[in-house]
Amino acid sequence: MDDITKAVHDYVVREYLEEGDEREVTETTPLISGGIVDSFSMVSLKRFLEKKYQVQIPDADATPDAFDTVQRIVALVHRFQKPATVGA
Amino acid sequence: MSNPVLCDELIAKSYEELTANFDWSVAERELGYKPGDPINIGWMCSDRMCRIGIADKVALYWEDYQGNQERFTFDDLRVLSNTVAQFIWELGIQPGERVCLFMDRVPELYIGMLGILKTGAVAQPLFSAFGDESLLVRLQNAETTAIITQKKHVHKVRKIREQLPNLRHIIIVDPGDSALQEREVAFRMEQMPRVEDFPVYPTTAESPSLLHYTSGTTGQPKGAQHVHYSIISQYLTTKWALDLQPDDIYWCNADPGWVTGTSYGIIGPWSNGATQVVLDSGFNAERWYSFLQKRRVTVWYSAPTAIRLLMKEGTDVVRRHDLSSLRYLASVGEPLNAEAVIWSEQAFGKPFHDTFWQTETGCIVITNFPGMPIKPGSMGRPFPGITATALNTKTYEPITETGIAGLVALRPGWPSQARGYWHNEAGYKAKFKNGWYLCGDRASIDSDGYYWFMGRDDDVINTGGHLVGPFEIESALLEHPAVHESAAVAKPDPVNMEVVKAFVTLKRGYEPSDDLELEIMNHIRKRLSPLAMPQEIEFVESLPKTRSGKIVRRVLRCKEFNEPVGDLSTIMDD
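Protein chains in written order, with our numbering: chain A, 8 to 95; chain B, 38 to 611.
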């Protein structure tokens with residue numbers, strides 16, 4: 008698990024998985040369709056990603072489908088991250 | 038546009054004919070009920086179906102997001118609801134006591150409600166995404182005796198149980214191997230001895246049945262008290278407004294934690310003897326369309342928020358599925374915009390029919406009636422037996438001109454009208470003016486008698502079809518250590534119609550930041566619910582107030598909607 012994947016995974020488990028919910032969350036666990044994150048809570052997850060990774064995710068791209076797994080969320084972050092400056 | 042295949046009454050008579058000589062006794066006769074006899078919703082939806090010869094018909098196909106499936110016939114409903122009833126009765130729960138259902142959309146939720154009602158106890162369904170604070174205020178107000186829940190939600194009950202002296206039993210349907218704690222008891226429905234015969238409590242028309250909580254502008258949520266006679270209008274509106282027929286496969290997207298999920302996710306379809314399907318899954322367009330295709334759903338009752346999310350996913354995903362079984366589509370929650378109606382005609386070859394009603398009405402009261410021309414964006418016309426109007430906001434007299442906005446009002450007396458608010462007589466009385474029940478919405482009526490929604494008449498926020506009270510949010514905001522004062526208002530939203538926006542002043546020593554905004558958002562989400570979570574927080578220096586110091590939400594709301602604030606002189610003196 009790379010750094011972004013681990014950070015997103017840990018945030019989801021900490022913030023959205025209910026205390027008594029013993030489901031294991033992997034990179035491919037359905038989050039929205041699995042009822043762990045609902046469409047309203049997606050907004051706070053989006054806000055977390057934008058703040059932590061300094062990205063702007065357009066509302067049109069923030070669909071339930073794009074947020075349905077940790078893997079897809081990470082892909083979304085990569086898509087909107089500015090390319091690293093050469094030599095930085 | 039293809040025409041729906043209508044039930045016999047709708048083929049034989051026009052809307053005008055049905056309305057002209059309407060009497061609710063048509064539903065009483067069809068349900069075999071004689072005024073004065075006992076009437077029990079739990080029995081009507083299960084035992085009666087077996088008596089009329091459909092014991093072996095499938096009542097419920099259930100599926101979850103992992104693909105687990107179960108199937109229940111009407112005889113299963115009868116026996117398993119007896120089993121729930123027997124268990125509750127043996128715990129010593131008395132008729133009239135409140136039993137809360139706090140579960141995801143698992144079979145025990147649907148069958149459990151019938152079982153509770155069979156004992157004469159009152160079912161109090163609550164949305165399982167509620168946080169502990171939302172749960173606490175509703176259980177305290179109802180003086181709930183027992184709660185039926187799942188292992189994944191029981192920690193919220195454990196957090197608050199010391200503040201709930203009336204809560205004698207915490208019933209867990211899937212306890213697993215974990216140790217039960219104080220007041221907890223396991224109930225594994227499938228492993229319990231099946232109870233063939235249970236002496237159903239002889240509730241009568243006015244016996245309390247369900248207690249559904251709804252939010253208002255002021256104070257904590259109010260418990261709308263329904264009675265067993267409500268089945269009369271829930272049965273008939275399901276048949277006529279949703280055009281549900283015995284051979285239909287019906288899918289209602291609503292969670293039974295809300296009134297749509299009980300009136301039209303349990304009582305309506307099963308009192309009509311229809312097969313319904315339930316998908317215990319969050320939103321996913323591909324999964325939803327696959328489910329519609331697999332179950333060959335014919336009647337689909339959804340919500341504008343879900344429809345707009347489907348619109349966002351486009352029509353390509355629709356085309357990949359065979360949805361030819363769909364016959365009739367309807368929607369409820371908040372007004373269905375014209376674009377969504379037009380899109381559904383393009384995507385499914387059929388329009389969604391908007392229906393209007395609320396927790397207190399218990400059934401659909403204004404609707405785009407099957408067979409009646411749809412005016413996209415309109416709420417439709419009053420259901421037969423419902424006398425509706427738009428009232429002048431000052432005189433509370435019906436507005437006679439067309440196209441003028443007024444308060445949506447109903448003449449009291451239909452079968453499923455809430456009989457009161459639990460422990461809040463004053464709040465219930467305040468809903469009536471001049472002999473009319475006020476819905477809290479504004480609408481105009483056009484020359485054809487169609488109603489057009491204009492907005493709420495109070496500060497309640499309608500988000501994704503659910504009403505959220507600003508007081509509850511503001512109270513929870515004040516629990517956060519950084520918050521000095523707050524105001525919660527509606528903000529327009531393209532998917533949910535409205536979302537919550539909070540204006541916050543901070544205590545000395547705290548500075549506005551993205552971190553703090555996210556922290557406060559998550560605080561509300563966990564304490565109340567995801568619906569109540571502000572989707573935006575604006576940190577301000579001060580909030581607009583009356584001379585006596587009361588926060589004027591209207592100023593903030595108008596700013597969000599880009600509307601003129603109007604004359605504030607009277608309210609500023611409050």
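None of these hints come from the bench; they were simulated from the model.
Treat the hints with care, since some could be wrong.
Covered stretches of chain B, going by a simulated chain A footprint (3 or more residues, C-beta under 8 angstroms) [as the list claims (entries may be wrong)]:
id	region
1	513-526
2	562-570
No farther apart than 35 angstroms at their CA atoms in a straight line, the calculated lysine-lysine pairs in the DSBU-like style are these [stated by the list, open to error]:
id	chain 1	residue 1	chain 2	residue 2
3	A	59	B	466
4	B	466	B	349
5	A	59	B	349
6	A	13	B	349
Keep in mind that this is a model prediction, so the values were computed, not measured.
By construction, the Cβ of each residue, glycine as well, lies at the ideal position given by its N, Cα and C atoms.
Checked hints:
| no. | hint | verdict |
| --- | --- | --- |
| 1 | 513-526 | violated (count 0) |
| 2 | 562-570 | holds (count 4) |
| 3 | A:59 <-> B:466 | violated, 50 angstroms |
| 4 | B:466 <-> B:349 | violated, 42 angstroms |
| 5 | A:59 <-> B:349 | holds, 27 angstroms |
| 6 | A:13 <-> B:349 | holds, 29 angstroms |
When held up to the earlier numbered hints, the structure conflicts with 1, 3 and 4 and fits the remainder.
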